[in-house]
Every structure is written in structure tokens, then in C-alpha cells.
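K.L.:
Using the sequences provided together with the hints, build the complete structure.
Order-wise, the sequence lines are chains X and F.
112 is the number of the first residue of the first sequence in this note's numbering; add one for each residue after it.
270 is the number of the first residue of the second sequence in this note's numbering; add one for each residue after it.
It cannot be assumed that every hint is accurate.
[What the hints assert, rightly or not] If we take Cβ atoms under 8 Å as the criterion, some of the chain F residues that face chain X in the derived model are: (1) Gly277; (2) Glu290; (3) Met446; (4) Val453; (5) Thr455; (6) Asp563; (7) Val566; (8) His570.
[Said to hold, decoys possible] Computed footprint of chain X on chain F, listed as stretches where at least three residues anywhere in the stretch have a Cβ under 8 Å from a Cβ of chain X: (9) 280 to 287; (10) 491 to 500; (11) 550 to 561.
It should be emphasised that the hints constitute simulated quantities derived from the structure, not laboratory data.
Backbone N, C-alpha and C fix where the C-beta goes; we use that ideal spot for every residue, glycine too.
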Amino acid sequence: MILTRISQRFNELQAKNEPALIAYVTAGDPGPEMTVEIVAALERGGADIIELGVPFSDPIADGPVIMRASERALATGMTVEKVLEIAQEIRKHSQIPIVLFTYLNPVMRYGFDKLAARAKEVGIDGFLLTDLSVEEAESFVAAVQGVGLDTVFLVAPTSTDRRLELVAKYCSGFVYVVSRTGVTGEQSQVSSSVAPLVEKLRKFTSLPLGVGFGISSASQAAEVGSVADGVVVGSAFVRTIESTPGREVLDTIERMARDLKQGALSGRR
Amino acid sequence: MLTVPDAGGHFGPYGGRYVPEVLMSPLEELEQAYLALKTDAAFQNELADLLKNYAGRPTPLYYAKRLSEKLGGAKIYFKREDLLHTGAHKINNALGQALLARKMGKKRIIAETGAGQHGVATATACALLGLQCRVYMGEEDMRRQRLNVFRMRLCGAEVVGVTNGSRTLKDAISEAMRDWVTNVDTTYYLLGSALGAHPYPLMVRDFHRCIGDEARVQMLEREGRLPDMAIACVGGGSNAIGLFHAFVPDLSVKLVGVEAGGKGKKTGEHAARFSGGAPGVLHGAYSYLLQDNDGQVALTHSISAGLDYALIGPEHAHLHDIGRAEYVDCDDATALKAAVELSTMEGLIPAMESAHAVAEALVRAPQMGTHEIVLVNLSGRGDKDIDIYRENLKELDSDSHQPAF
Ligand SMILES: Cc1ncc(COP(=O)(O)O)c(C=O)c1O
Numbered sequence: 112m113i114l115t116r117i118s119q120r121f122n123e124l125q126a127k128n129e130p131a132l133i134a135y136v137t138a139g140d141p142g143p144e145m146t147v148e149i150v151a152a153l154e155r156g157g158a159d160i161i162e163l164g165v166p167f168s169d170p171i172a173d174g175p176v177i178m179r180a181s182e183r184a185l186a187t188g189m190t191v192e193k194v195l196e197i198a199q200e201i202r203k204h205s206q207i208p209i210v211l212f213t214y215l216n217p218v219m220r221y222g223f224d225k226l227a228a229r230a231k232e233v234g235i236d237g238f239l240l241t242d243l244s245v246e247e248a249e250s251f252v253a254a255v256q257g258v259g260l261d262t263v264f265l266v267a268p269t270s271t272d273r274r275l276e277l278v279a280k281y282c283s284g285f286v287y288v289v290s291r292t293g294v295t296g297e298q299s300q301v302s303s304s305v306a307p308l309v310e311k312l313r314k315f316t317s318l319p320l321g322v323g324f325g326i327s328s329a330s331q332a333a334e335v336g337s338v339a340d341g342v343v344v345g346s347a348f349v350r351t352i353e354s355t356p357g358r359e360v361l362d363t364i365e366r367m368a369r370d371l372k373q374g375a376l377s378g379r380r
Numbered sequence: 270m271l272t273v274p275d276a277g278g279h280f281g282p283y284g285g286r287y288v289p290e291v292l293m294s295p296l297e298e299l300e301q302a303y304l305a306l307k308t309d310a311a312f313q314n315e316l317a318d319l320l321k322n323y324a325g326r327p328t329p330l331y332y333a334k335r336l337s338e339k340l341g342g343a344k345i346y347f348k349r350e351d352l353l354h355t356g357a358h359k360i361n362n363a364l365g366q367a368l369l370a371r372k373m374g375k376k377r378i379i380a381e382t383g384a385g386q387h388g389v390a391t392a393t394a395c396a397l398l399g400l401q402c403r404v405y406m407g408e409e410d411m412r413r414q415r416l417n418v419f420r421m422r423l424c425g426a427e428v429v430g431v432t433n434g435s436r437t438l439k440d441a442i443s444e445a446m447r448d449w450v451t452n453v454d455t456t457y458y459l460l461g462s463a464l465g466a467h468p469y470p471l472m473v474r475d476f477h478r479c480i481g482d483e484a485r486v487q488m489l490e491r492e493g494r495l496p497d498m499a500i501a502c503v504g505g506g507s508n509a510i511g512l513f514h515a516f517v518p519d520l521s522v523k524l525v526g527v528e529a530g531g532k533g534k535k536t537g538e539h540a541a542r543f544s545g546g547a548p549g550v551l552h553g554a555y556s557y558l559l560q561d562n563d564g565q566v567a568l569t570h571s572i573s574a575g576l577d578y579a580l581i582g583p584e585h586a587h588l589h590d591i592g593r594a595e596y597v598d599c600d601d602a603t604a605l606k607a608a609v610e611l612s613t614m615e616g617l618i619p620a621m622e623s624a625h626a627v628a629e630a631l632v633r634a635p636q637m638g639t640h641e642i643v644l645v646n647l648s649g650r651g652d653k654d655i656d657i658y659r660e661n662l663k664e665l666d667s668d669s670h671q672p673a674f
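P.N.:
In C-alpha cells:
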């Protein structure tokens with residue numbers, strides 16, 4: 112079996128006992144060319160995997176920071192097709208694994224089979240659709256895994272044991288552990304539910320586990336990195352992109368990524 | 270004909286459960302709690318008592334003689350949901366779900382509202398049962414349904430204005446879902462239409478099925494036969510499915526749903542999901558959705574806040590596809606005219622939403638024989654819309670206005 116870019120990356124990191132830094136940015140915020148450069152800056156800073164957000168008009172799982180980014184991206188005319196072009200541009204210069212992160216409707220509208228084929232072609236590695244439950248995911252999973260890409264689903268603190276087992280079965284690449292109930296956005300503390308949830312989930316799957324929702328500082332990354340295989344940071348990067356004008360954002364983002372990756376690493380020592 | 274959803278909440282391909290994983294177990298819990306109470310005699314008795322002695326059920330079935338004779342066709346009957354406490358059908362569902370929430374031990378209730386009728390009904394039910402209540406409402410809807418904002422506050426509810434997107438019902442539901450995702454342990458989401466993830470479309474239909482069940486019995490008593498046509502307006506679809514449900518197996522009864530035609534056929538100017546939309550997912554359900562070519566949800570418009578929403582309830586999508594119900598749309602101006610006609614001919618001032626159903630009856634009745642019967646759901650009364658009527662009927666609002674007689 113050929114390993115996907117995502118699995119390969121986790122294998123490499125696990126061999127070095129390193130947690131992955133998984134960075135989320137909304138594609139097209141503040142513009143398509145900047146997204147390509149921001150991803151390069153994230154990678155220079157030490158990001159291991161990129162979650163590329165396709166903006167949606169009604170992002171019910173997102174807090175104000177990512178909501179505003181989605182609005183800005185849509186206002187610049189971002190579409191699924193344009194996000195694919197951004198991914199293609201990134202892939203020209205980098206082998207960093209890319210997960211498309213969005214809501215179901217834009218993907219459904221594009222067509223599962225058609226999008227899976229195009230995603231493969233441009234060098235995307237997997238999908239995560241926030242509002243797609245595994246119960247409704249059969250044809251989507253068949254289309255995406257059918258072309259050899261990964262399907263990542265979420266588990267949450269509310270998930271029962273039955274659901275943890277079920278959701279893990281639909282995942283490939285990694286499982287995304289939502290650290291707390293709530294929408295995306297930075298928090299001052301890592302939820303106490305993270306460690307027990309990660310531990311419990313390990314009973315049901317041998318896939319790597321990435322933990323996200325609310326992580327923004329190096330010390331939080333350390334805390335999560337000590338128990339999980341990946342640390343996801345989203346709103347903190349997106350807020351920095353929002354508040355930092357011009358090209359200055361690239362250095363700032365790179366520093367932030369470096370700091371977070373160092374934090375995550377320190378959790379393993 | 271089987272209209273019950275399958276175990277996953279699917280009506281044909283529509284409905285289902287499309288929500289973030291955080292909400293999946295809570296929805297399973299809600300479904301179990303609801304299904305248990307469906308056959309729980311004590312719960313059903315308590316609800317029946319409140320519907321009768323608090324809300325005012327059964328509502329009358331009224332024969333609109335003057336209007337019918339003027340139109341010269343079918344006899345028009347109105348199911349008088351407008352006479353219910355709080356002024357619309359919404360109280361049926363609000364009482365049912367508030368009782369369920371209390372049974373589940375949830376003390377904090379959240380809801381969304383468009384026209385404000387569901388918000389008022391929820392605030393009312395929460396006052397009655399001593400529950401904490403927060404209602405999300407788009408700022409555009411707060412502006413055009415000002416009276417209902419104050420009514421909610423008077424009943425002790427907190428009204429939170431929503432400034433995202435189009436500042437209407439869609440954005441209020443999104444904001445309520447964000448609250449729910451965050452506070453799911455303590456909070457019950459009291460959804461106000463036959464929308465959302467399973468079990469909401471089923472549960473909301475069940476709480477409103479009394480509309481059609483009563484009307485069916487009343488019609489048989491009065492006329493010795495079933496109506497030839499049943500008409501209701503369709504926002505999310507709760508009053509319509511409540512009316513239709515009892516008649517679905519009666520194939521002689523034509524079912525007609527009326528959507529908001531708004532200002533015109535261009536995307537963004539209406540809320541006619543069947544003629545202008547395509548299947549898609551919004552707020553937990555798969556159904557006909559107004560959207561652009563890239564799957565972004567389209568803006569909508571209607572003079573009535575309660576019909577101004579991009580997705581139609583999933584059971585309606587199913588009834589549409591199997592050909593059991595027909596869906597049409599009615600524009601703002603036609604709905605206004607129908608409201609004036611009903612007010613002057615019968616002394617019934619309808620809610621702006623209900624006026625859309627009335628307008629369709631004004632079209633259909635004259636095309637039918639005098640032996641035929643049209644049943645219209647008068648889902649709400651127009652008190653909340655007086656400002657909209659005044660704004661749009663300036664000639665009536667002047668002191669030099671010439672009365673009809
Ligand atoms: C009087 C009245 N009728 C109809 C509606 C539309 O909702 P539904 O389609 O769920 O009946 C509303 C919604 O606010 C309403 O207030």
C-alpha cells in the first residue's frame with residue numbers, strides 16, 4: 112500500500128518523537144497569492160501539515176475570528192476552484208501535506224467524485240468537513256478514499272465510546288480531536304477533557320491523533336504535544352493574519368509557527 | 270404512503286443529521302428522550318392540558334362565507350391557528366419542546382426567531398415552566414418585528430441581536446447553533462420550524478400535527494367530507510407540515526405549499542426554494558437550498574420575516590419529489606393584497622406569512638366548483654405586522670381615507 116503524504120509525515124515525526132504542528136489558514140485571506148506565501152512561511156517556521164480552509168457563507172462551527180476570515184475571503188471572490196489553484200501553487204514548491212478544511216455544501220455542490228479527482232491532481236492530501244457526520248459520509252468517503260486521499264473526521268468531548276469507535280473507522284491519515292465543546296477560537300487554558308479523551312480514543316484506533324480548537328500559545332502546545340500526535344492551531348494564526356498589515360505578516364507568522372512548534376516539542380521532553 | 274422518516278431521520282434522500290460531531294451524541298440523546306415521551310401518557314396528558322387550557326386548542330374551523338361567495342368558486346375554510354395564545358401556530362411546538370426540555374433536566378433554553386412568533390412562543394413557554402430563555406434574532410428582523418422583541422422581553426427572555434450575514438432567520442439559526450455547540454451540556458435548543466438535524470423535523474411535525482388532525486375531524490363533522498385542497502405557507506415548513514400530515518394518505522386532498530416569491534425571480538430577491546434552489550445542506554438537514562454555483566448559501570428576501578429563509582424543511586422536499594404536494598410562490602405585493610382582501614371581507618387580519626397562503630386560495634377557489642372545498646391554514650394573526658401594513662398601505666393610513674362603505 113502506498114502511504115499518503117499525511118501518513119508518511121506522521122511516520123517520520125513519530126520516528127523522531129516529534130508532535131506535528133498542524134496549521135489552519137483560510138484560503139484567500141487576505142488574497143490568493145498571500146495564502147501561498149503564508150503557507151510557505153508556516154512551513155519555514157516548522158508547520159508539518161496545513162489545513163487549508165475553504166470559506167463558507169454559514170460557518171456554524173466557527174467563532175468570530177474564522178467567521179471574519181471567511182467573509183473576507185468570500186469578498187475577494189474565493190471559490191472551491193480557486194482554492195484548488197492555491198493548493199496547486201503551494202505544491203509546486205513544497206511537499207507539505209494539505210488537508211482541505213470546510214463545510215459540506217460547497218463540496219457537495221462541486222460533486223464528490225469530481226472534487227476528489229481534482230484534489231488528487233493538484234496535490235491535496237485529504238479532507239475534513241466539519242458538518243459531515245460519519246452517518247451521512249458513505250459516498251463522500253468512497254469518493255475520497257477511492258482516489259487514495261485521506262478522510263479526517265472529528266471526535267468531541269461529547270462523543271460516546273460507541274461514537275469514538277465508529278468515527279475512527281471512517282478516518283484515515285489522522286483523527287481530529289476537538290478539545291472542548293464550542294466553536295473555533297483561542298482559549299486561555301487547554302480543556303481538562305483533552306488528556307482523558309485522547310487516552311480513551313487510543314483504545315479504538317492506532318491512527319495519529321491531532322488535537323485542536325482553542326490552542327494559541329507555546330505552553331498550550333506543550334501540554335497538548337505531551338499527549339497527542341499533533342497540535343492544531345487555527346484562530347491564533349488567522350487573527351495574526353487579520354491584524355498584521357502587508358508582507359510583515361510573513362515573518363510574524365513564521366515566528367509564531369516556530370514558537371508553537373518549539374512548545375509542542377518541549378511537551379515531549 | 271409512508272411519510273415517517275427512517276431511523277436516521279431521512280425523508281427519501283432528504284433530512285438526516287449533518288452537524289459537527291459535538292452535537293451528534295446530544296442529538297441521539299434528544300431523539301431517545303423524545304421517542305420515550307411520545308408514548309408516555311403523563312407527558313402527553315400534560316401537553317394536551319396546556320394546549321387546551323393555556324393555548325386555546327382546539328382552534329375553530331371557520332367558513333369564510335362572504336369571501337367564498339364573492340370569489341364564486343370553492344368554499345373557503347380557515348383553520349384558525351391565529352386565535353391561539355401568542356398569535357400563531359408556533360406555541361404548539363414551543364410548549365411541546367419546553368416540556369421535553371424540562372423532562373431532560375435542561376434549565377437553559379435557546380431559540381432562534383424570524384418573525385418573532387417562535388421567539389414569543391418560546392419566551393412564553395419558558396415563563397410558564399420557569400426556564401431561562403435566550404432568543405437569537407437577526408437585527409433586520411428585530412427592526413421589522415419590533416413588537417415581538419418587546420413581548421419576548423416582557424416574558425423575561427433575553428433577545429440577542431445577530432449582526433452576521435443578512436441579519437435574518439438564517440443568521441439567527443447559525444448563532445443559536447454556535448451557542449448550542451458551546452453550552453450543549455446545560456442547554457436545550459428549541460428549534461422553531463420543521464428544519465434542522467434529526468429528530469427536529471420529525472418532532473416539530475408531531476407537535477404541530479394537531480392542526481391537520483383537528484381540521485380533518487372538524488371538516489368531516491361540518492361537511493361530511495374531506496376538503497379538495499389544503500393550502501399553507503411554507504417558511505421552514507412547520508405550519509404546513511402540521512396541516513398536511515393528517516391528509517397525506519387522503520389522495521383526494523390536494524396539498525399546496527406557498528413559498529415567498531419576494532420581489533422577483535432573481536436570486537436574492539425571494540425565498541422560493543423549489544423553483545430557485547437545488548438540494549444542499551444547511552443547519553443540519555439536506556433539502557432544497559437557495560445557493561450559488563459554488564455552494565455558498567444565497568441571500569433571500571421576503572416581506573414576511575417568517576418565510577425569509579434559504580432552506581425548506583426536508584419532509585416538504587420529499588413530498589415535492591414524490592409529487593404528493595405542490596409548491597408555488599407568491600410575491601410580496603400579491604400577499605399584501607390578499608391580506609387587505611381578507612381583512613375587508615372577513616375581518617381577519619392575517620400575519621404576513623399566512624397572507625401568502627390566503628393569496629393562493631384567492632387564485633384557486635374561483636377555478637373550482639361551488640361544491641368543492643379549500644382548507645387554508647391561517648397560521649397567525651397580523652398584529653405583529655401592523656407596522657409593515659402601515660408602511661405598505663399608505664393610502665389606508667391617511668385620515669382622508671375613504672372607507673369601503
Ligand atoms: C404566522 C406564521 N406563519 C408561518 C410562519 C413560517 O414558519 P413555518 O413555515 O415553520 O410555519 C411563521 C414564522 O415565523 C409565522 O410566524
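K.L.:
Now look at each hint and say whether the structure bears it out.
P.N.:
Verification of the hints:
{"no.": "1", "hint": "Gly277", "in the structure": "holds (6 Å)"}
{"no.": "2", "hint": "Glu290", "in the structure": "holds (4 Å)"}
{"no.": "3", "hint": "Met446", "in the structure": "holds (5 Å)"}
{"no.": "4", "hint": "Val453", "in the structure": "holds (5 Å)"}
{"no.": "5", "hint": "Thr455", "in the structure": "violated (10 Å)"}
{"no.": "6", "hint": "Asp563", "in the structure": "holds (5 Å)"}
{"no.": "7", "hint": "Val566", "in the structure": "holds (5 Å)"}
{"no.": "8", "hint": "His570", "in the structure": "violated (16 Å)"}
{"no.": "9", "hint": "280 to 287", "in the structure": "holds (count 3)"}
{"no.": "10", "hint": "491 to 500", "in the structure": "violated (count 0)"}
{"no.": "11", "hint": "550 to 561", "in the structure": "holds (count 7)"}
Hint compliance for this structure: hints 5, 8, 10 are broken, all remaining hints hold.
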